[in-house]
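Kindly generate the complete structure, drawing on both the sequences and the hints.
Residue numbers (this note's numbering), protein chains in the order written: chain F, 1 to 309; chain E, 1 to 450.
Calculated directly from the structure, the hints in this document are not laboratory data. Among the clues, some could well be false.
Stated by the list, open to error - With a cut-off of at most 20 Å between alpha-carbon atoms, the simulated SDA-like pairs for lysine to any residue come out as follows: (1) K86(E) with R226(F); (2) K251(F) with R226(F); (3) K298(F) with L342(E); (4) K86(E) with G216(F); (5) K214(E) with N5(F); (6) K207(E) with Q7(F); (7) K72(F) with R55(F); (8) K160(F) with E429(E); (9) K207(E) with R220(E); (10) K63(E) with K314(E); (11) K314(E) with L342(E); (12) K14(E) with E47(E); (13) K86(E) with S435(E); (14) K251(F) with S435(E); (15) K251(F) with S349(E); (16) K160(F) with K50(E); (17) K298(F) with A296(E); (18) K251(F) with S431(E); (19) K160(F) with S431(E); (20) K251(F) with A353(E); (21) K160(F) with R248(E); (22) K251(F) with K207(E).
Said to hold, decoys possible - Covered stretches of chain E (chain F as the covering partner; in silico rule of three or more C-beta atoms under 8 Å from a C-beta of chain F): (23) 13-24; (24) 415-422.
Beta carbons are placed, not taken as given, at the ideal position from N, Cα and C, and that holds for glycine.
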Amino acid sequence: MTVVNPQQTFPGRILEVTLPAGEGGRSVSVGGQTSLPLLPEGERPNAAAIGIEIRTGDEELPPSLSHAFGGKGTDPATLAGNLVEESGAQFLFLSLAGCHPDLGGHAVSRGAGIVRDVLEAVPCPAIVGGCGEEETDALLFPAVAEAAQRPVFLSYADEKNYRLVAGAALAYGHGVVSWSPIDINMAKQANLLLGDIGVPPHRVLIDPLTGGLGYGLEYTYSIVERIRLAGLSGDGALARPILCHLGDSWKAREALDSAEESWGDVIARGRRWEEATAWACLAAGADLLVCRHPDNVKTLRGMVGAPWR
Amino acid sequence: MALTALEIYKLLPKTNCKECGFPTCLAFAMQIAAGKAGIDQCPPASEEAKETLGAASAPPLPKVIVGTGERAVILGDEVVLYRHEKTFYHPTAFAISVSDALDDDAFRDRIRRIRSLSFERMGETLAVDMVAVRCDSGDPARFAAAAAAAKEGAGKPLLLSGPCDALAAALPSLGPDRPLLSPPVGEGEAGARLAAPLGLPLVVRAKGIDGLEKALAAARAAGACDLVADPMPASLPDAVSLSVYLRRLAILHRAREVAFPTAFDLGNGFPSPFAAASLLVPKYGSLLVLDSDDPADIFPLLTLRQNIFTDPQKPIQVEAGIYPIGKANGSSPVVITTNFSLTFFTVRSDIEASRVPAHLLIADCDGMSVLTAWAAGRFTGESIAKILSESGIAGAVSHRTLILPGMVARLSGKIEELSGWRVLVGPQESSALPSYLRRLPPAAFAPADV
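Set out below in structure tokens:
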């Protein structure tokens, strides 16, 4: 051909990270690539992994999710088992939102008990999320780390709590999700701090904070692109797999409001709101996506496979 | 490759004659490098400089205009691969298809639904840009009538998709509206001969980049200038990689022979059109044709486009003023924050989550977040007191109590002193607002003696 070759090569390689499974489950590896996403160039040993989130606590479900979850069980272990099986999710993200004082105020021991039950019921790899309330999480992470009978990832360690979360993870052999608020320098700093206190690099995932569609997604999009370009260009502290948690897309009024008829059916629209967020994150370079809608897990799983590896 | 300001400076006369309107040659060079000035503004420039800089400052991706007047759609004319390098200028255009084989009622209904795909978000109207009229009937007269009806009914620029005899039939009446012609693959040269005398934009379709290079050359040889390239992907991965490679060739390699805006037909049975559109908005699709007219599909896609094509160099602002949340009334709390859009949306959604009706008072701080605005002196005791007296909030509520972001608690005294309002210090983080608002005693918002 007379046109030049448009393929690009990079000096760096994203570190491969494996999320281990329980007995009978299949572990998931992400990262390991030398190229930008969704392109037939460089090496890409692993496709992006798609997981599903289960949340504890008293939260009203968005109409689209309440429709999808109907009849799938109410206790976290049953719901997780059914949704993982139905959707083909490669990993589970268990959010212990119920421990938040406003969302149920579960005792820490109850949160840890749920983790134990869910991990027994579902053999796929798991990430366990705190409730977001600083004081509760400070008690919750050590309890979860102890209760989990197999290695999981704890989500998340930030600038304030990283010693505590990393300490809990190190003591019981878990991994850590390293969180930063849409800031490439803080993402790098967070990984360096985790490294300093001894968390092995292959047990760290970057969570750059994912803004939902219409509510800051563009910031996430550009930060993910920048982190990925930095990693491929040789910045080791950023050459790590990136996790995008799509939960924020379910907070948008556009994903929830059934009153606006001109916006179309809220059940279909809510699902699409998350799906569009997911594709944009993949286009930017995300290696793991956490969805809430089982049909989105299925759709994304079906499409991010072989031809794009 | 783009030249740096210093490289440009070396080519200039270095006399600081100011004829270009800038104080020095170096300042002018920096403007050229930023794409804000052209070498034609420098009369004394040497021929060599004009030639070098003329080529370097021509946009790497040409601009193609479809339609006329206010609704005209601009395709292409982009300068970077990543929005964080500068910005993306011309949002991906969406065209929704309509078939000329529909009967009159179905056709009118379809056009009505396409026209109603319009949504208000953040002070902008997000709407579908074009109507793609497909010739499925095989009848040129019917196609011409359908195209005219589509233009009349939708009031949007048209993409005319059909064999050249059908396009030719539609052009006498529609030519002046500058439709985008899209003949089938294999009729590219005939299409170019149709487009050339009228100066109309033309979609050139061919499989892959090699195929496009030949077809685009043939279309140019036949006299067409405003070209849009459709690489005819067979699958989703194909669509993304072709789109990325075409854009890389244009921006990184300045490969003029394939540097054109792109069009992708995601209708007509293309697999997973929603996923393809979601990927091609950030990944360089200039024009996407969809068959779906379901707002549940189109609204998320238009919102994604709004996000991706936001200028990352400018913080997005919301309008200053009073935003009632829930059934806010005269005894509802008043919460103040700045007009940085992310701040606004976060605080608003946290107030909504509290289920406590409230008035959100937004201060104009040039789109800065609370701490930044405070540090820059835009969110101060004085400015907040001024908002309390001038925004009309005093008329909207009967109490005189303001909830201030916890980060700027230190402003409380000044606000109370200047405004006479009582200040309650809110939480440090917006995420704590729901529990904070729920725990507020109702007595806090009893009518003040005014």
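Hint check:
no., hint, result
1, K86(E) with R226(F), "holds, 13 Å"
2, K251(F) with R226(F), "violated, 26 Å"
3, K298(F) with L342(E), "violated, 31 Å"
4, K86(E) with G216(F), "holds, 18 Å"
5, K214(E) with N5(F), "holds, 16 Å"
6, K207(E) with Q7(F), "holds, 18 Å"
7, K72(F) with R55(F), "holds, 14 Å"
8, K160(F) with E429(E), "holds, 14 Å"
9, K207(E) with R220(E), "holds, 18 Å"
10, K63(E) with K314(E), "violated, 23 Å"
11, K314(E) with L342(E), "holds, 13 Å"
12, K14(E) with E47(E), "holds, 15 Å"
13, K86(E) with S435(E), "violated, 40 Å"
14, K251(F) with S435(E), "holds, 17 Å"
15, K251(F) with S349(E), "holds, 8 Å"
16, K160(F) with K50(E), "violated, 56 Å"
17, K298(F) with A296(E), "holds, 19 Å"
18, K251(F) with S431(E), "holds, 13 Å"
19, K160(F) with S431(E), "holds, 16 Å"
20, K251(F) with A353(E), "holds, 9 Å"
21, K160(F) with R248(E), "violated, 41 Å"
22, K251(F) with K207(E), "violated, 41 Å"
23, 13-24, "violated (count 0)"
24, 415-422, "violated (count 0)"
Hint compliance for this structure: hints 2, 3, 10, 13, 16, 21, 22, 23, 24 are not met, and every other hint is.
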